[in-house]
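Visitor: Sequence:
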Amino acid sequence: MEVYNILFNRLLAETAKQQASELHLSVGSIPVIRKDGRLLKLAEEKLIEQELLAQMVNSFLEEEEKKILEDRRELTTVKTLGGHWRFKINIYYQKNLLAVSFRLIAGETRSLDAIAVPKAVADLSSLNSGLVVVAGPYGSGKTTTIGAMLEHVNQRQRKRILTLENPIEMFLISKESVIEQRLIGRDVKSLLDGLRYCQQEDIDILAVADIQEQFTDALPLVLEIASTNCLVLLEMSADTATRVIEKILNCYASAKIDSARMLLADVLEGIVIQKLLPKNGGGTVLAAEVLIGASAIKSVIREGKLKQIETIIQTSGDQGMISMTQALVNLVRAGQVSQEDALAVAPRKDDFKIIIK
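Heads up: the sequence shown begins at 21 in my numbering, then just goes up one per residue.
Source of the hints: derived by calculation from the structure; they are not laboratory data. One thing to keep in mind: the hints can contain errors.
[Said to hold, decoys possible] The calculated DSS-like cross-link candidates involving lysine-lysine, where the alpha carbons are at most 30 Å apart (straight line), are: (1) K55 x K115; (2) K108 x K55; (3) K87 x K115; (4) K195 x K209; (5) K55 x K373; (6) K115 x K139; (7) K108 x K37; (8) K61 x K108; (9) K325 x K108; (10) K139 x K61; (11) K108 x K267; (12) K99 x K37; (13) K179 x K209; (14) K327 x K267; (15) K55 x K369; (16) K318 x K369; (17) K267 x K325; (18) K139 x K276; (19) K276 x K299; (20) K209 x K86; (21) K99 x K299; (22) K55 x K179; (23) K139 x K299; (24) K377 x K299; (25) K195 x K108; (26) K55 x K99; (27) K37 x K299; (28) K377 x K318; (29) K87 x K99; (30) K139 x K327; (31) K87 x K179; (32) K373 x K139; (33) K276 x K327; (34) K37 x K55; (35) K318 x K276; (36) K209 x K267; (37) K139 x K87; (38) K325 x K299; (39) K209 x K327; (40) K66 x K108.
Sequences are here, hints too, so could you generate the full structure?
Guide: In structure tokens form, the structure reads like this:
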């Protein structure tokens, strides 16, 4: 067996053995894993060499993927490696040298109970139409949550579900529902083509992955679909509910912003903001902010008074809303996370300190 293959299999096995979520390889550095939300060096390993890393990458990429990497200098794909471990892989260059991040994908779709999201998320999954956004930073479990929401429906309702993804991370098996998963660039040429297909078909639920390079062009079409008899689950990169709304509205020209606010207010049913924190005793735990598209939220969107959104979330617990600050406080009080870890990711640190006393 080639040297690069021995090293590669050893690193993958160690990542799985440590129950790490990520493996990071870059030329001139020691391999690093992320375990329980923290980065750890594999100190017993040697520095990664350019030739070895290139051989590793070439061993699992298809010829078309190699061409894309060469042209764009970046590639995201999903592969089953080491026989049975499934990874989301991001390949890129830094300092003109190759670097690769492997994110371990769960072997099966988890339930909403298993990932411990607020009850309101299950209610949002069962809506017949409208827009629900799941947002957060990279690695915060957005895809896992959307997968759990779809599985919640799949086990209970007869729906036709379509996902538009690149890459496809989780394979969903039709149960009560019929599920179609389309890979952008292979099953459909582009996200826009996939969305247009959805408009022409009888789709009950559409799940759209976070595809940033097509985001601006696609968003108006996403809102149009959400205004029909279709529930749209949209994955986004954003750290607050207000920022989600701003990013959506920024996709429209200034001349159309008023009508965009009206449309968004009409279709928005919920926003879930996620953060993953190290859990006391090992593992990670989810902190989730939830905005529900209640009348007060819809009013401030129509009026462009987005600064009021955070206050509405804080004071609307009876409607299923919860702020990120309160979610973090609840985790600390439950003994699930340390106060230090919660404070590190709290969006309003002064508010957190006051409430936690």
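Visitor: Each hint needs a verdict: does it hold in this structure or not?
Guide: Status of each hint after checking the structure:
1. K55 x K115: Holds. K55 to K115 sits at ~26 Å (cutoff 30 Å).
2. K108 x K55: Given that 30 Å is the threshold and the Cα spacing comes to 16 Å, the pair holds.
3. K87 x K115: holds, 20 Å
4. K195 x K209: holds, 28 Å
5. K55 x K373: It holds: about 27 Å lies between the C-alpha atoms, which stays within 30 Å.
6. K115 x K139: violated, 45 Å
7. K108 x K37: Between K108 and K37 the Cα gap is close to 18 Å, so the pair holds against 30 Å.
8. K61 x K108: The given pair, whose Cα atoms are some 20 Å apart, holds under the 30 Å limit.
9. K325 x K108: It is violated: about 39 Å lies between the C-alpha atoms, which goes past 30 Å.
10. K139 x K61: violated, 37 Å
11. K108 x K267: holds, 25 Å
12. K99 x K37: Distance ~18 Å between K99 and K37 Cα, so the pair holds.
13. K179 x K209: holds, 25 Å
14. K327 x K267: Within the cut-off at roughly 14 Å; holds.
15. K55 x K369: holds, 25 Å
16. K318 x K369: At roughly 27 Å apart (the allowed maximum being 30 Å), K369 and K318 satisfy the hint.
17. K267 x K325: Satisfied, since the Cα-Cα distance of roughly 15 Å is no more than 30 Å.
18. K139 x K276: Answer violated: K139 to K276 is near 35 Å, above 30 Å.
19. K276 x K299: violated, 45 Å
20. K209 x K86: holds, 19 Å
21. K99 x K299: This hinted pair holds, its Cα atoms lying about 28 Å apart.
22. K55 x K179: The given pair, whose Cα atoms are some 37 Å apart, is violated under the 30 Å limit.
23. K139 x K299: The given pair, whose Cα atoms are some 21 Å apart, holds under the 30 Å limit.
24. K377 x K299: holds, 21 Å
25. K195 x K108: Satisfied, since the Cα-Cα distance of roughly 25 Å is no more than 30 Å.
26. K55 x K99: With Cα atoms ~21 Å apart, K55 and K99 stay inside 30 Å; holds.
27. K37 x K299: holds, 18 Å
28. K377 x K318: Violated, at about 33 Å.
29. K87 x K99: Given that 30 Å is the threshold and the Cα spacing comes to 17 Å, the pair holds.
30. K139 x K327: Distance of about 26 Å is within 30 Å: holds.
31. K87 x K179: Violated, at roughly 38 Å.
32. K373 x K139: Given that 30 Å is the threshold and the Cα spacing comes to 26 Å, the pair holds.
33. K276 x K327: holds, 21 Å
34. K37 x K55: This hinted pair holds, its Cα atoms lying about 11 Å apart.
35. K318 x K276: holds, 18 Å
36. K209 x K267: holds, 25 Å
37. K139 x K87: violated, 45 Å
38. K325 x K299: With a Cα-Cα distance of about 36 Å, the restraint between K325 and K299 is violated, given a limit of 30 Å.
39. K209 x K327: Given that 30 Å is the threshold and the Cα spacing comes to 39 Å, the pair is violated.
40. K66 x K108: holds, 24 Å
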